[in-house]
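Number of protein chains: 4
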Amino acid sequence: MKNAFIKKETVRFQHVDYAGIVFYPRFLEMLNNLVEDFYAEALNLPFKNLHETGGIPTVDLKAQFKKAARLGDELTKYLWIKNLGGASMHCGFKFEHEDGSVCLEGDVTLVRVDFSDDRKSIKASAFPDDMRAKLEKYLL
Amino acid sequence: MKNAFIKKETVRFQHVDYAGIVFYPRFLEMLNNLVEDFYAEALNLPFKNLHETGGIPTVDLKAQFKKAARLGDELTKYLWIKNLGGASMHCGFKFEHEDGSVCLEGDVTLVRVDFSDDRKSIKASAFPDDMRAKLEKYLL
Amino acid sequence: MKNAFIKKETVRFQHVDYAGIVFYPRFLEMLNNLVEDFYAEALNLPFKNLHETGGIPTVDLKAQFKKAARLGDELTKYLWIKNLGGASMHCGFKFEHEDGSVCLEGDVTLVRVDFSDDRKSIKASAFPDDMRAKLEKYLL
Amino acid sequence: MKNAFIKKETVRFQHVDYAGIVFYPRFLEMLNNLVEDFYAEALNLPFKNLHETGGIPTVDLKAQFKKAARLGDELTKYLWIKNLGGASMHCGFKFEHEDGSVCLEGDVTLVRVDFSDDRKSIKASAFPDDMRAKLEKYLL
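Residue numbers (this note's numbering), protein chains in the order written: chain A, 1 to 140; chain B, 1 to 140; chain C, 1 to 140; chain D, 1 to 140.
The shape of chain A in the complex, shown without the other chains (with noise of 0.2 Å):
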């Protein structure tokens, strides 16, 4: 997986349904926390920064659940970029198991956007050129 930006999360009391495994959308926000993480430590801008005055909205979301995840697994996940548009970026992701089975994997395109100064609308904005030269160390 190299080029990939990883991050570690661990199942928490919080993601597990009554059959005790990670009920799916909590998947999506663990997701989520990972584009919050690969912004801030890979892009250098922080969500509480990015969101002053845009945002990253997801427009395309597929998902494969392959194998559950219950209470206390440690799950490993990776995103990495597939197709960087000029506002918008087509990510692949996996999140594995500890022994390397696949738990679940897919894409997901997110868009950048900027607010109007009412914070009501939003508009597609390009990558600015400095964002484009860190977000390609990640193209796989």
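Please note that a few of the clues may not be correct.
Any copy, or any two copies together, can satisfy a pair, since identical chains are not distinguished.
[Stated by the list, open to error] SDA-like mimics (lysine to any residue), calculated; alpha carbons at most 25 Å apart, straight line:
no.	residue 1	residue 2
1	LYS134	GLY100
2	LYS48	GLY100
3	LYS62	LYS123
4	LYS62	VAL113
5	LYS123	THR53
6	LYS66	ALA126
7	LYS48	LEU84
8	LYS48	TRP80
9	LYS62	LEU140
10	LYS134	ASP117
11	LYS8	GLY92
12	LYS2	LYS82
13	LYS137	SER125
14	LYS123	GLU52
15	LYS67	TYR39
16	LYS8	GLY72
17	LYS67	SER88
18	LYS2	GLY54
19	LYS120	GLU9
20	LYS66	SER116
The hints are simulated quantities; they were obtained by calculation from the structure and are not laboratory data.
Please build the complex by placing chains B, C and D on the supplied structure of chain A, with the hints as guidance.
Showing chains B, C and D alone in chain A's frame:
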């Protein structure tokens, strides 16, 4: 949208993010609510009964987020079956805004499973005939 | 429970934990829903309007969790005002099971605030007279 | 804060509301995380083991929300024991901002329970001696 199972859900404070729009994992909670209502109302199998002995985990999800939803928006949620397998169903779903525009749409594949006696493992389990008959009414 | 504002909410799959009972932070989401409905229906001030210029943050919470709630339980939620200050209201709340037994009960204090123009700071703001008149109907 | 169990948690996008501050039920998720870490690290009893046969439900909660927390804030969470009963512990907790100011503080009472064999009912169960010895180190 003939044959679809239809429910409404209003965007609440707990669903929206810093930008004032629905945080996308909350849309998946709304989708899970839709499946939960489908089981209770269309199949006469409330989740409290279903989860005594098994479940219906999501194994595949595709979603396109078309138009942001904001606090107070009333969404109409549609669920229908595209393909009915032995123990799985491939469903289509769509959430519409009040003006009929699409908020999000996609596909979700659910698998019927039984728990082992200690609830620690699961195996796929074919839909019984009476349930299959009810599911077929939602085939599109 | 004369004078109380009353709403029902059913325990859903997303609310319950590994033990099959409501995870207590989800009860607080249900309490927030109750306040949200109170604002929309009793004060004619939906949160989408309220949050244009201010909010009603919770500053103090006391809750006794008396009897677990399980998947599918229909809870009846009560909210009333114990003391109405200049910019704050001290409310009582109670969630009941269908047999009338108490699920949880407690007190919550909410403060009316206005945002600064850049939405980055807040200050307490007295209830206007027309809102105060509506609130007084729920004094107990 | 001698004797307290201490962990840090950073405010993430999923925690904040439309006003950009932590939605208070998310603070209770953070408190639950703190108890979960306390069990794993101080008592050497990870929740995945605890929840095989029992749990530690919250029966009483008091919280004062003193100062809003915003996206990216790093909070330091403290938990200590004020009174240790036979099967219950009355704990104090405090979340601090980086400048040492109090974000929230309060009290939470937890009860040790065992599940019945079918996991459908619970009964209070006294702390065994070895667990009690570990808990007493956090008495304040």
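Right, here's what the structure says about each hint:
Within a single copy, LYS134 and GLY100 get their C-alpha atoms no closer than 28 Å, and across copies no closer than 35 Å, so neither meets the 25 Å cut-off. Only between protomers do LYS48 and GLY100 lie at most 25 Å apart by alpha-carbon distance; the minimum there is 21 Å, versus 33 Å within a single protomer. Taking the closest pair of Cα atoms, LYS62 and LYS123 come within 25 Å of each other both inside a single copy (23 Å) and across two copies (24 Å). Taking the shortest alpha-carbon separations for LYS62 and VAL113, both the intra-copy value of 21 Å and the inter-copy value of 22 Å come in at or below 25 Å.
Within a single copy, LYS123 and THR53 get their C-alpha atoms as close as 11 Å, and across copies as close as 23 Å, so both meet the 25 Å cut-off. Proximity of LYS66 to ALA126 under the C-alpha cut-off of 25 Å is restricted to the inter-copy arrangement: shortest distance 19 Å between copies versus 35 Å within a copy. With identical chains, the CA atoms of LYS48 and LEU84 are at most 25 Å apart within one copy only, with a shortest distance of 23 Å there and 35 Å across copies. In this assembly of identical chains, LYS48 and TRP80 lie within 25 Å of each other by CA distance solely inside one copy; the values are 22 Å within and 31 Å between copies.
Taking identical chains as interchangeable, the C-alpha atoms of LYS62 and LEU140 lie at most 25 Å apart whether they share a chain (18 Å) or sit on different chains (22 Å). For the identical chains of this complex, LYS134 and ASP117 are neighbours neither inside a copy (27 Å) nor across copies (34 Å), given an alpha-carbon limit of 25 Å. For the homomeric pair LYS8 and GLY92, the shortest alpha-carbon distance inside one copy (16 Å) is at most 25 Å, but the shortest distance between copies (30 Å) is not. In the homo-oligomer, the alpha carbons of LYS2 and LYS82 lie at most 25 Å apart inside one protomer (13 Å), although the nearest pairing across protomers, at 38 Å, exceeds that limit.
Only within a single protomer do LYS137 and SER125 lie at most 25 Å apart by alpha-carbon distance; the minimum there is 20 Å, versus 45 Å between protomers. Taking the closest pair of Cα atoms, LYS123 and GLU52 come within 25 Å of each other both inside a single copy (15 Å) and across two copies (20 Å). With identical chains, the CA atoms of LYS67 and TYR39 are at most 25 Å apart between copies only, with a shortest distance of 24 Å across copies and 28 Å within one. For a Cα distance limit of 25 Å, the shortest separation of LYS8 from GLY72 qualifies both inside one copy, at 12 Å, and across copies, at 19 Å.
In the homo-oligomer, the alpha carbons of LYS67 and SER88 lie at most 25 Å apart only across protomers (16 Å), although the nearest pairing inside one protomer, at 30 Å, exceeds that limit. For the identical chains of this complex, LYS2 and GLY54 are neighbours neither inside a copy (30 Å) nor across copies (39 Å), given an alpha-carbon limit of 25 Å. Proximity of LYS120 and GLU9 under a CA criterion of 25 Å is satisfied inter-copy only: 22 Å between copies versus 33 Å inside one chain copy. For the homomeric pair LYS66 and SER116, the shortest alpha-carbon distance between copies (19 Å) is at most 25 Å, but the shortest distance inside one copy (40 Å) is not.
Of the numbered hints listed earlier, those contradicted by the structure are 1, 10, 18.
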